[in-house]
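J.: Here's the letter readout for the chains.
Protein chains: 4
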Amino acid sequence: MIKAGIVGGTGYTGVELLRILSAHPEVTLTAITSRSEAGLRVDALFPSLRGRVDLCFVTPDEAALEKCDVVFFATPNGIAMRQAAALVAAGVKVIDLAADFRIQDIAEWEKWYKMTHAAPELVAEAVYGLPEINREQIRHARVLANPGCYPTAVQLGFLPLIKAGIIELDHLIADAKSGVSGAGKKAETGNLYSEVTDSFKAYGVAGHRHLPEIRQGLVRMAKGMDVGLTFVPHLTPMVRGIHATLYARLKRDVDLQTLFETRYRDEYFVDVLPAGSHPETRSVRASNLCRIAVHRPQDGDTVVILSVIDNLVKGAAGQAVQNMNIMFGKAENLGLTMAPVSP
Amino acid sequence: MIKAGIVGGTGYTGVELLRILSAHPEVTLTAITSRSEAGLRVDALFPSLRGRVDLCFVTPDEAALEKCDVVFFATPNGIAMRQAAALVAAGVKVIDLAADFRIQDIAEWEKWYKMTHAAPELVAEAVYGLPEINREQIRHARVLANPGCYPTAVQLGFLPLIKAGIIELDHLIADAKSGVSGAGKKAETGNLYSEVTDSFKAYGVAGHRHLPEIRQGLVRMAKGMDVGLTFVPHLTPMVRGIHATLYARLKRDVDLQTLFETRYRDEYFVDVLPAGSHPETRSVRASNLCRIAVHRPQDGDTVVILSVIDNLVKGAAGQAVQNMNIMFGKAENLGLTMAPVSP
Amino acid sequence: MIKAGIVGGTGYTGVELLRILSAHPEVTLTAITSRSEAGLRVDALFPSLRGRVDLCFVTPDEAALEKCDVVFFATPNGIAMRQAAALVAAGVKVIDLAADFRIQDIAEWEKWYKMTHAAPELVAEAVYGLPEINREQIRHARVLANPGCYPTAVQLGFLPLIKAGIIELDHLIADAKSGVSGAGKKAETGNLYSEVTDSFKAYGVAGHRHLPEIRQGLVRMAKGMDVGLTFVPHLTPMVRGIHATLYARLKRDVDLQTLFETRYRDEYFVDVLPAGSHPETRSVRASNLCRIAVHRPQDGDTVVILSVIDNLVKGAAGQAVQNMNIMFGKAENLGLTMAPVSP
Amino acid sequence: MIKAGIVGGTGYTGVELLRILSAHPEVTLTAITSRSEAGLRVDALFPSLRGRVDLCFVTPDEAALEKCDVVFFATPNGIAMRQAAALVAAGVKVIDLAADFRIQDIAEWEKWYKMTHAAPELVAEAVYGLPEINREQIRHARVLANPGCYPTAVQLGFLPLIKAGIIELDHLIADAKSGVSGAGKKAETGNLYSEVTDSFKAYGVAGHRHLPEIRQGLVRMAKGMDVGLTFVPHLTPMVRGIHATLYARLKRDVDLQTLFETRYRDEYFVDVLPAGSHPETRSVRASNLCRIAVHRPQDGDTVVILSVIDNLVKGAAGQAVQNMNIMFGKAENLGLTMAPVSP
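Residue numbers (the numbering used here), protein chains in the order written: chain A, 1 to 343; chain B, 1 to 343; chain C, 1 to 343; chain D, 1 to 343.
Don't take every hint at face value.
Since copy identity is lost for identical chains, a pair holds within one copy or between any two.
Capping the alpha-carbon separation at 30 Å, the derived lysine-lysine pairs in DSS-like fashion look like this [said to hold, decoys possible]:
hint, residue 1, residue 2
1, K3, K67
2, K251, K185
3, K114, K67
4, K114, K185
5, K67, K330
6, K330, K163
7, K111, K223
8, K67, K111
9, K111, K185
No wet-lab data here; the hints were simulated from the structure. What you are looking at is a predicted structure, and each value in this text was computed from that prediction instead of being measured.
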């Protein structure tokens, strides 16, 4: 059994990690920390977990995290970078669901996250945990940077096109729509029910933190070539789900459907839909799947990719457990085979 | 392995049965019938099941249902009553998720369902499948009447009070609220998104078909005494979930919290919340649980019970599988331990 | 023209007041105060009002409210009671949309609102602003207590029954459901989109502040006789709307439909639906209407009343303007004839 | 007073027309036709209109539409083209809210709408009713083609850019999101609450009927130059609202904010937001407004336009009334000054 600890865990990423880990056949949850909620039963905060998680939140001191095999950070940005080094030194694997280890260029990270990085040396060794791209490196990672939700949906959508070298890289467009749970459980006016229901809006058009993360990933796929990307995130009135609509210009003719089916044939969590399909976010709700459809409207030179995930699962907690499985030599889908909940 | 067939199965009860049965460790899905969709892959109708259900819908003739161990009817009312006898004769257990076998009084059934009953003799032997009340009879049932969604939530809420003989039975009130999936997947104007979202209404105040079913259950609990019940169902803009708010007058003082906790102590699927709680329907979403809270406002003589279930699971497909487990001697929660999905 | 000022006004009651008053043909908006937002343009906080409200929020000092003809308090409880006396002394009419002047029994008020009342003498003279009951007194009011949202829907529903003396008063039940805007625009975790959407729950079963307000109103209708009331509010995932389902026992036979139609025949804002109807909250959305339907299930002795309003309009800002019209001798529906928005 | 008739009018466009026209100070509603609902009171179908519309649906024969001054067709495609000629001959102005007269190229229309056009000569004289572009021609129109909802939002967004000649026209992208009311009130499974709520999807990527309409409009703006457009519509779980996110490449530097503000300075119904804004669809809910924001992310050569309307108002019924006002020499905003409803 893998002894797992969670730091943070009072937000939506946390409760989703608990939902998944509490049913994982090879994991024992040993501790979950929260300074603000220390002493409170986990299932008092999350009644959906009554009967499943028999733990209380504890302070970091009480948690004895260094005795865990793996520690998940379901914390705000800037926490894991301060605590990871000690855990790694104690032989504990660290999986950060926040952004601390996602961007290799420290200056770029500091610009977007507006703080000084506390552990640049760990960034250098950290592995970016998108298993469909990085599986081999993940096996041996000590510090794993779990990807952001938008970056997961966007990168999986662009990957086959860029790898095949068939699109122009200078003007890619990612028009992405997210459910509200992506904004977390913070008590902010902008996330109130009456503010976001029955309405739709873009946000962060001038620049969203996931832009440099996506661009870094696309540049790697393009073996270092420049990539021009316009990324526009939108808030849509639903709880879970990301729908990325991706646009690129084709440089030459190719059977796009076959390209995608071939690339993802062996990927358990990526499902390429039949030609002409339109994936719905609910078709992956509460599951670790990414479903993708490929379109070429009017047989023109613009390719349109539709890519959907559940932002809390494949975009956060599920992918973190997928990474854990790889890091500990388990079957990659262990504990992650739950069917989507629809309707 | 239990060989299971499904008749109908193109609606929400059907897809939920498929979600649960496809992950059940002791079930093999052998056939699913639909006259209208025969030939279509199940996962073409329900993309959420891609990779999980590798069946096509077949006509009843092709289905060879008589070779199954159990057949679930996820059909409109009036279908199972015509097909069950032949299956029972062939040694197949029948679980009807519709209302054909729920009401013992044939005349009463015919009044509410506005058709002539085709199999009164099967009604007489049919067992009403609320395991928390009827477990022993369910073990030996050949024809099982799976309870309605409202009746499940309401009966589990009133049960301890009536069994203890502490409430007046002449003026019970059940004010119940249901998500829209309870109305099924029929293409009717009244169930359109733009008709029911961001709005709330009562319906069927003059008389709803679940009224006689609930009353029959309450009378049984009261060992045949008369029960007066006002039942008002409401439609609330959410997909899944029933919230029943129950009102009764206390005849004498009693520790209500202890009464409920004691009654349900050994029930895996019934969770009595701590005193003062307000269960949310999302706390049972996509699970087979019923959560109940007990209140006595201002220490008066009115008791208020709050009872929530997921209408598609404990109120339909999940309870059907719970009944199947009992009928086949399996652990009652086999394949039904999935955690609620929240948020 | 009536010179109107608003104190508070950064919440949902405030923006709704602004929507209505900015289109009112006999009102000039002169000032809107907010300590926290002073200096900000109103339409920067509420983009829906761009082009309609050309004001900035100002501090109370800058507002010169004593020069207004009427001041609306769209503030939290406990503010108006401290500022009303000076305004009244200056000849300004005060309309409080909060609860400061609603309950005549000061001790009762202080128990429920957990503060000491700052102006008991104003409570004594304040008029409870439910025009369908209190129209004559409202004409001459200097301090008007605008009713709560639940109390409006519940009192209008019970009124004809109690006035006619045909129901037992000892065990009335009001099972009420509210949209989320009723909780206001406070940044609280419990009101986040991901917390309340696609879910339903009761709250405050042990005791809600609107209980004493409703009970006071019902006792007045009953000319001082005791009234026993169980009031259970619920939160339903929609923005606007209250649906009250009311239960009472009939003491004698009467034509309920005629009773209600007669009582409300001359009320512009109360619409008694045809027998057998089920009002939807959306049928009054964004309007000042209350729609009511009367039921007597199975011709028994339990009467069921369904009463719907928009909590922000008839339950708050619209009723406040209706009261203002009466207080200033205008047509009662002036500026309030907007049609409901549906779908 | 303008005598107005409505053909069709049992759908969402119809009820919205009725809401607006019944409050229009210069309009008398004389007849509303519906073969299927003839004899039914309008307010029985639309309870929100109780007290406002005192008409019954009548058959076309009973309607005497030729005595109207104007007839609105709120019908499915293919109806107006068969009835308009007789009305025009009788001197009645025709405003078609469907697509019969929108596309000048009859062959193109027949390809997309899959029927033979019954009145090509009326298409030739019909005026495309986007007042912000075509105001002068609208004044004298006898047959007015009211624009589609997507085309309204997209054309108003691209207009200043194309008129100024500053973007490349060969690869425009319109990523548009619509509320569900755009799909109408047809009883189709795909529009059920449980199918579309809490989910997001694209549709019609291979080709949507609004594509040729938008392209025709953009080509006109570009004075006949070729325009390459990729148009991807999406369904978002809300009732009303369209959000168009538009992407184009800049050919040269220009002050985009000033360009838009100048172009729309005198347009009552188009509101250019301050630089850096993100319009929400709710900020125009139930109003005839279009709000637009202009972005140039990272000062690159990609311009991003955000354009929102209420699809039932500026995208249908409201724009139809705006056109009527122009055609009859009334103030363009008469009866259309209602404020958006938010929240």
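J.: Hint by hint, say whether it matches the structure.
T.: Here's how the hints hold up against the structure:
1. K3 to K67: Only inside one copy: K3 and K67 sit 8 Å apart there, 46 Å across copies, limit 30 Å.
2. K251 to K185: neither (43 Å within a copy, 43 Å between copies)
3. K114 to K67: Neither: 33 Å inside a copy, 48 Å across copies.
4. K114 to K185: Close inside one copy (21 Å) and across copies (29 Å); limit 30 Å.
5. K67 to K330: within (20 Å within a copy, 38 Å between copies)
6. K330 to K163: This pair counts as within: shortest intra-copy Cα distance 28 Å, inter-copy 50 Å.
7. K111 to K223: within (24 Å within a copy, 44 Å between copies)
8. K67 to K111: neither (35 Å within a copy, 51 Å between copies)
9. K111 to K185: Classified as within: same-chain Cα gap 25 Å, cross-chain 33 Å, threshold 30 Å.
Checked against the numbered hints above, the structure breaks hints 2, 3 and 8 and satisfies the rest.
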